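Using the sequences and the hints given, assemble the complete structure.
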Amino acid sequence: MNVMVDVIHTFWQNLQIGVVNQIGSWNYLIIALLVAVEGPIVTLLGASASASGYLKTGFVLAAAALGNLSADLVWYNLGYLGKMEWLLPYQRWLGIKPRQMNHLQDEMHRHAAKILFFAKLSAGFMIPSLLAAGMAKVPLKKWLPTLLAGEMIWTGALVFIGYHGTKMLSSISKGVEYILLFSSLIFLAVMVYYIRRALRSSGVFDEKSNE
Numbered sequence: 107m108n109v110m111v112d113v114i115h116t117f118w119q120n121l122q123i124g125v126v127n128q129i130g131s132w133n134y135l136i137i138a139l140l141v142a143v144e145g146p147i148v149t150l151l152g153a154s155a156s157a158s159g160y161l162k163t164g165f166v167l168a169a170a171a172l173g174n175l176s177a178d179l180v181w182y183n184l185g186y187l188g189k190m191e192w193l194l195p196y197q198r199w200l201g202i203k204p205r206q207m208n209h210l211q212d213e214m215h216r217h218a219a220k221i222l223f224f225a226k227l228s229a230g231f232m233i234p235s236l237l238a239a240g241m242a243k244v245p246l247k248k249w250l251p252t253l254l255a256g257e258m259i260w261t262g263a264l265v266f267i268g269y270h271g272t273k274m275l276s277s278i279s280k281g282v283e284y285i286l287l288f289s290s291l292i293f294l295a296v297m298v299y300y301i302r303r304a305l306r307s308s309g310v311f312d313e314k315s316n317e
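Residue 107 is where the sequence shown starts when you use the numbering used here, and the numbers rise one by one after that.
Hints listed in this document are in silico derivations from the structure and should not be mistaken for laboratory results. Remember, it's a predicted structure, so these values are computed and weren't measured experimentally. Hints are all accurate, no fakes.
Quick list of in silico lysine-lysine cross-link-like pairs, PhoX-like style, CA-CA up to 20 angstroms:
id, residue 1, residue 2
1, Lys189, Lys243
2, Lys220, Lys247
3, Lys220, Lys243
4, Lys189, Lys203
Following this line, the structure appears as structure tokens:
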């Protein structure tokens, strides 16, 4: 166990400086695990490593998506099993508001797939949405395919930015790389901004009680 922890720790340290040890498919399994814990930064670094030739871009995308979906299922199951009390000490960090959860749980019965799709692209509402879906006992088959589509859009955008950002830095002569990178960054930022604003305006995340 200690050996595995050391391997993951070393991999993470090396990834942050753009170096990846060649340990075959284990690289991608570790990336999936780190993405589940650390989030988007690992996806960007993994894509950067693929641009440098250390990893395969398609496998980085698949590993990052797997890591994110694994984490999503953990949050869903915590809600499904009614383990919210475990999370209350961390509610501010997780973006959880108990009164908000009451209303969100009701909304999940009607619009689970739509809410989770846009929450995936919002970079902020995912955890409370998944917990609410679990608390509402919404079956996986009603929202998992839609969530997977959102995951591929989100993770694909991060991989694109990480890959082309590294390529751009390695060559100042490729003007197209600059255009693609900055266009992607602007698109992602604008998309997140408007989705977050739309979710707030929709009232889905309002703090209401069932009383």
